[in-house]
Each structure stands twice: as structure tokens, then as C-alpha cells.
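Number of protein chains: 2
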Amino acid sequence: MELFCREYRYSLDAKNRLAIPAKYREILGETFIITRKLDPCLAIYTHEEWQKYSDKIKALPDSVAMELKEFIFPKTLVAEPDSQGRVIIPGDLKDHAQLDKNAVIIGVGDHAQIWSEALWEEREKKRDLASLRELMRQLGL
Amino acid sequence: MELFCREYRYSLDAKNRLAIPAKYREILGETFIITRKLDPCLAIYTHEEWQKYSDKIKALPDSVAMELKEFIFPKTLVAEPDSQGRVIIPGDLKDHAQLDKNAVIIGVGDHAQIWSEALWEEREKKRDLASLRELMRQLGL
DNA sequence: CTTCGTTTGCCCACTTTTCCCCACGTTTTA
DNA sequence: TAAAACGTGGGGAAAAGTGGGCAAACGAAG
Numbered sequence: 001m002e003l004f005c006r007e008y009r010y011s012l013d014a015k016n017r018l019a020i021p022a023k024y025r026e027i028l029g030e031t032f033i034i035t036r037k038l039d040p041c042l043a044i045y046t047h048e049e050w051q052k053y054s055d056k057i058k059a060l061p062d063s064v065a066m067e068l069k070e071f072i073f074p075k076t077l078v079a080e081p082d083s084q085g086r087v088i089i090p091g092d093l094k095d096h097a098q099l100d101k102n103a104v105i106i107g108v109g110d111h112a113q114i115w116s117e118a119l120w121e122e123r124e125k126k127r128d129l130a131s132l133r134e135l136m137r138q139l140g141l
Numbered sequence: 001m002e003l004f005c006r007e008y009r010y011s012l013d014a015k016n017r018l019a020i021p022a023k024y025r026e027i028l029g030e031t032f033i034i035t036r037k038l039d040p041c042l043a044i045y046t047h048e049e050w051q052k053y054s055d056k057i058k059a060l061p062d063s064v065a066m067e068l069k070e071f072i073f074p075k076t077l078v079a080e081p082d083s084q085g086r087v088i089i090p091g092d093l094k095d096h097a098q099l100d101k102n103a104v105i106i107g108v109g110d111h112a113q114i115w116s117e118a119l120w121e122e123r124e125k126k127r128d129l130a131s132l133r134e135l136m137r138q139l140g141l
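Chains A and B are the protein sequences, given in the same order. The opening residue of the first sequence carries number 1 in our numbering; numbering runs sequentially from there. The opening residue of the second sequence carries number 1 in our numbering; numbering runs sequentially from there.
For the record, the hints were derived by calculation from the structure and aren't laboratory data. Treat the hints with caution; some may be incorrect.
[What the hints assert, rightly or not] Covered by chain A, per the in silico footprint, the following chain B stretches (three or more residues, Cβ under 8 Å): (1) 5 to 19; (2) 96 to 109; (3) 126 to 137.
[As the list claims (entries may be wrong)] Simulated DEER-style distance windows between Cβ atoms: (4) A:D92 - B:F73: 26 to 36 Å; (5) A:Y8 - B:F71: 49 to 59 Å; (6) B:D82 - A:P61: 46 to 56 Å; (7) B:P74 - A:E117: 45 to 55 Å; (8) B:D100 - A:M136: 48 to 58 Å.
Quick caveat, the model's predicted, so the values are computed rather than measured. Backbone N, C-alpha and C define an ideal beta-carbon position, used for all residues, glycine too.
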């Protein structure tokens with residue numbers, strides 16, 4: 001079972017290259033999809049997971065989902081890591097995730113996310129355990 | 001799977017020539033279709049996608065869709081990029097999209113769009129993230 | 001019919017960006 | 001302890017985008 005888990009801390013170099021964890025590359029294969037989320041972070045999908053995700057969006061008529069398509073597709077790329085396992089993060093995606101030198105790559109089950117270290121740590125700090133506890137109770141977990 | 005994604009910033013030169021991203025030219029082939037949208041922008045289709053799109057319009061009876069046909073077909077052309085991968089944007093289409101020197105070409109899945117940089121950035125700024133979030137929630141994304 | 005001026009298409013050249021490869025130091029594995 | 005793998009940095013070659021020039025084609029005016 002392919003599962004993205006653990007978090008990794010890497011750095012963006014002067015050429016905006018970011019290493020992808022070797023463990024994730026094994027899952028992802030030769031190429032994979034990087035896109036943006038509504039939150040200030042990026043998402044990494046396998047082609048397979050991306051297909052499921054994007055098919056739902058493409059199936060919608062433009063009249064209701066043009067904005068969504070405009071939000072997602074222009075910020076989506078097929079990433080080909082170089083021989084060292086790095087991908088180039090384009091400027092616009094870097095801006096969206098507010099990335100500087102220090103980035104965190106986290107696995108969240110069916111995909112992975114790229115966060116700026118600062119934003120990620122802030123998010124961890126603000127986490128409301130009480131509401132999570134309540135959510136799990138409602139879900140019967 | 002042919003997918004238009006990413007955004008590119010190019011400039012219209014003094015001869016109204018606009019470069020088409022090399023990635024898109026690979027998808028589009030030798031020639032392709034440029035038309036206008038209701039929004040102040042232009043659309044680029046492969047012949048295949050254009051066929052699907054225009055067939056739907058042509059199938060409509062004139063009694064309900066004459067205005068739509070008048071809007072679209074006179075402003076549609078078969079574009080042949082020059083040896084450097086540029087196409088000439090006719091004056092009327094340039095006016096429709098309010099293009100000046102700086103243009104943005106965005107991929108939105110099944111086709112691409114040409115925007116003036118100013119209009120595109122305004123649109124990006126005005127985007128209603130809350131409604132996008134709601135739409136994605138409904139889709140289960 | 002000729003001439004002039006504009007437009008159109010093709011080609012060349014420059015600049016920037018992107019891509020690919022090699023090398024170093026640290027960490028993990030056998 | 002040696003070897004392999006991994007993350008990081010940088011240089012050189014190739015490609016892509018941009019601008020300008022030249023000649024053929026076209027249309028208007030003389």
C-alpha cells in the first residue's frame with residue numbers, strides 16, 4: 001500500500017530546487033504532479049491520485065467551475081526530478097506557499113504537502129486538540 | 001493525457017506577435033484554433049477540442065443561438081505559428097482581450113487562455129476563496 | 001501601367017532561462 | 001570501518017523568448 005507519511009525538512013537552493021524525499025520518490029515514480037491547495041501550501045500527487053482529483057473538476061461545466069479551474073490548473077505542473085531527485089519550484093508556486101529557504105514536506109496519506117517551515121510550525125502550534133478530539137468522537141474513532 | 005497547465009508570461013511585440021509556450025505547442029501541433037470567450041480573454045483549442053466545442057454550438061437552432069454564433073465564429077481563426085513559435089494576434093481579438101504589451105497564457109485543462117497581464121492579476125486578486133472552498137467541499141475534494 | 005508605401009511572412013541574432021551533468025560532504029547501511 | 005545512498009551546490013550546454021531586418025505581396029494613388 002502506497003502511503004505518504006513522515007515529515008522531512010529540506011532547503012530550497014538558489015535555483016529554487018527542492019529535494020523530494022527518497023521514500024516518496026519510490027512511491028511517485030519518474031514524474032508526478034505538483035499543484036497548489038487553497039491553504040498556503042503545495043500538494044504532490046501521484047499521476048493516479050491526480051487523475052481521480054482532476055477528473056472530478058474537469059467533469060464540471062465551465063459555468064460553475066471555471067473559477068476553480070482557473071485557480072488550480074495554471075498552478076499545476078508535471079514535475080520531473082533531476083538525477084539528484086530535486087524539482088524546480090516555479091516562482092508563482094513558491095509565492096503561493098510563501099516558501100523561503102526552509103521547507104517541510106509532509107505526508108498526509110494519499111498525497112504529500114510542501115510547507116514553508118515557518119508556516120508549518122505556526123500551524124502545529126495553533127492546533128486545537130479539543131476540536132480534533134470532538135471530531136474523532138463524531139467519526140467514531 | 002494532453003493537459004494544459006501552468007501559466008506563462010510573454011510580451012506582444014510591435015508586430016502583434018505572441019509566443020506560444022513550447023510545452024503547449026507540443027500538444028497543439030502545427031496549427032490550432034484561437035477564438036474569443038465571453039470574458040475579456042482569448043481561448044486556444046486543439047483542433048480536436050475545438051471540434052467538440054463548436055459542434056455543440058453549431059447543433060443549436062439559429063432561433064436560440066444566432067447571437068452566440070455571431071459572437072464566436074467571426075472572431076475565430078486557425079493559427080499557424082511562425083518558425084519561432086509565435087502567432088499574430090489580429091486587432092479585433094487584441095481589442096477584445098484588451099491586450100497590451102504584457103500577456104499571460106494560462107492552461108485550464110482542456111484548453112488554454114490568453115489574458116492581458118493586468119486583467120489576469122486583477123482577476124486573481126478578486127478571487128473568492130470561500131466559495132471555492134465550498135465548491136470543493138461539495139465535490140468531496 | 002507604374003510607383004510608392006504599407007503590410008505580411010520569413011529569417012537571423014541576441015539574451016535569458018532552463019536543463020543536465022559533475023562534485024563535495026554528510027548520513028545511513030552493510 | 002568501508003561502501004552506498006542522500007542532500008546540497010555550482011558550472012556549462014542547450015533551448016526558449018524577444019527584437020529587428022529584409023524581401024515578397026498587396027493595394028492605393030498618380
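**Request:** Compare the structure with the hints numbered earlier in the document and write down the numbers of the violated ones, lowest to highest.
**Result:** Going through the list in order, the structure violates hint 6 alone and respects the others.
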